[in-house]
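Asker: Sequence:
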Amino acid sequence: MTKGRIFISAIEVNFEFVTFALKSRVLDLVQKVETVIGFSEIGSRETNPISHHAGNELATGKLDAMATDLKKSTSSGRENCLTSEEQQKKINEVRSLIGPVPDRLSQYCSNQTISRYLIARNWNVKKATKMLKDSLKWRLEYKPDEIRWDDIAHEAETGKIYKANYKDKQGRTVLVMRPRCQNTKSTKGQIRYLVYCMENAIFSLPEEQGQVVWLIDFHGFNMSHISFKVTRETAIVLQERYPERLGIAILYNAPKFFEPFWKLAKPFLEPKTANKVKFFYPEDPSSTKAMEELFDMELVETAFGGKGDAEFDINKYAERMKEDDKKISASLANVSNSDPVIPESYLETSEDKVVDESSSGNADMDDIDEAGEKLSIDTVDKHELSPNKSPGITIST
Numbered sequence: 001m002t003k004g005r006i007f008i009s010a011i012e013v014n015f016e017f018v019t020f021a022l023k024s025r026v027l028d029l030v031q032k033v034e035t036v037i038g039f040s041e042i043g044s045r046e047t048n049p050i051s052h053h054a055g056n057e058l059a060t061g062k063l064d065a066m067a068t069d070l071k072k073s074t075s076s077g078r079e080n081c082l083t084s085e086e087q088q089k090k091i092n093e094v095r096s097l098i099g100p101v102p103d104r105l106s107q108y109c110s111n112q113t114i115s116r117y118l119i120a121r122n123w124n125v126k127k128a129t130k131m132l133k134d135s136l137k138w139r140l141e142y143k144p145d146e147i148r149w150d151d152i153a154h155e156a157e158t159g160k161i162y163k164a165n166y167k168d169k170q171g172r173t174v175l176v177m178r179p180r181c182q183n184t185k186s187t188k189g190q191i192r193y194l195v196y197c198m199e200n201a202i203f204s205l206p207e208e209q210g211q212v213v214w215l216i217d218f219h220g221f222n223m224s225h226i227s228f229k230v231t232r233e234t235a236i237v238l239q240e241r242y243p244e245r246l247g248i249a250i251l252y253n254a255p256k257f258f259e260p261f262w263k264l265a266k267p268f269l270e271p272k273t274a275n276k277v278k279f280f281y282p283e284d285p286s287s288t289k290a291m292e293e294l295f296d297m298e299l300v301e302t303a304f305g306g307k308g309d310a311e312f313d314i315n316k317y318a319e320r321m322k323e324d325d326k327k328i329s330a331s332l333a334n335v336s337n338s339d340p341v342i343p344e345s346y347l348e349t350s351e352d353k354v355v356d357e358s359s360s361g362n363a364d365m366d367d368i369d370e371a372g373e374k375l376s377i378d379t380v381d382k383h384e385l386s387p388n389k390s391p392g393i394t395i396s397t
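Under UniProt numbering, the first residue of the sequence shown is numbered 1, with each subsequent residue one higher.
Keep in mind that a hint or two might mislead.
[What the hints assert, rightly or not] The calculated DMTMM-like cross-link candidates involving lysine to aspartate or glutamate, where the alpha carbons are at most 25 Å apart (straight line), are:
(1) Lys143 with Glu199
(2) Lys188 with Glu208
(3) Lys307 with Asp325
(4) Lys327 with Glu199
(5) Lys278 with Glu141
(6) Lys322 with Asp309
(7) Lys89 with Glu298
(8) Lys163 with Glu319
(9) Lys185 with Glu208
(10) Lys167 with Glu323
(11) Lys163 with Asp309
(12) Lys188 with Asp150
(13) Lys326 with Glu141
(14) Lys322 with Glu85
(15) Lys167 with Glu311
(16) Lys272 with Glu208
(17) Lys126 with Glu157
(18) Lys272 with Asp150
(19) Lys316 with Asp103
(20) Lys137 with Glu311
(21) Lys169 with Glu85
(22) Lys263 with Asp296
(23) Lys188 with Asp325
(24) Lys327 with Glu93
(25) Lys137 with Glu85
(26) Lys316 with Glu208
Treat the hints as calculated values from the structure; they're not laboratory data.
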């Protein structure tokens with residue numbers, strides 16, 4: 001082999017190594033960016049394809065092919081539109097498979113809730129039922145609707161996450177996240193506060209709305225503000241326990257390197273989810289216009305270009321939350337507070353007692369192998385998700 005050929009081969013090897021390293025870095029950064037927003041809708045991601053297979057695919061240079069295949073698999077089910085009658089039939093099938101619901105879950109297990117789980121599983125009755133049963137069992141054990149301000153007040157002191165005192169123009173609750181304001185190190189405490197915020201935000205929604213807006217303030221942000229352990233648990237909770245709750249996530253003043261990496265990551269995302277993630281910048285006229293279309297800027301915080309409150313006031317916020325707690329407690333006043341026995345049907349495996357999809361006239365629209373789906377409620381401690389048993393973050397409410 002000539003010296004020239006050896007030199008060219010060395011360049012080729014080096015190029016392959018740089019490509020491998022870059023793609024690895026993209027996936028790593030995207031995991032962190034995605035977890036900052038935390039809500040990739042599950043859609044069709046039961047296989048958790050990246051967290052389970054990324055290492056092998058990168059090693060064999062097939063990442064691009066994997067992205068193409070994943071994009072096809074995640075978008076196929078959503079393209080199939082069902083009539084209202086067909087949707088109701090599937091809702092009824094899920095309700096039948098779930099069986100009797102404990103009294104404390106009766107309000108939660110509405111047709112709207114069931115439809116969200118069906119949408120998250122591309123209207124696949126079998127998978128939606130499994131997912132919903134896991135969530136019902138989690139709600140019986142974790143009791144998210146019983147978390148009150150005094151339980152999590154210390155987590156809220158810096159305003160790292162808070163419910164805005166305004167809604168967007170569609171009437172959706174607005175949650176503000178400020179990653180730089182992290183003030184604790186307890187995964188259990190941070191996740192408990194996240195759940196409290198989600199439960200409160202959903203309770204505050206008008207009847208015609210079912211989704212939440214996230215405004216993420218990146219002023220003063222650096223990567224040290226992100227704990228992978230916490231962000232992994234955040235993604236799991238939001239994906240598995242609050243499917244189809246994301247209306248839009250606005251990444252405001254994110255570091256400039258986020259956006260190009262995000263564009264590289266979009267092939268791995270459920271298209272509907274990718275379109276909900278927006279990058280807005282303070283000096284960008286189009287961002288200003290978009291904010292004005294979404295919000296009453298007289299109410300929005302100055303950090304987002306509005307004319308509202310400039311500072312987070314923990315004392316005023318605490319009073320608001322305590323009032324909300326009273327309303328939530330009143331809404332649950334007629335619900336039994338006893339510790340119910342978890343129905344045996346919730347403990348069944350995903351293969352038990354499932355409907356024949358083909359016989360319903362709508363075969364499995366998302367025929368992805370379920371081997372990687374496992375985020376069973378069995379991994380959940382009565383008071384927190386077990387970080388050692390949780391899957392990695394998927395590239396996706």
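Asker: So which of those numbered hints doesn't the model satisfy?
Answerer: Result: hints 2, 3, 5, 7, 9, 14, 17, 18, 19, 20, 21, 22, 24, 25 and 26 break, sorted rising.
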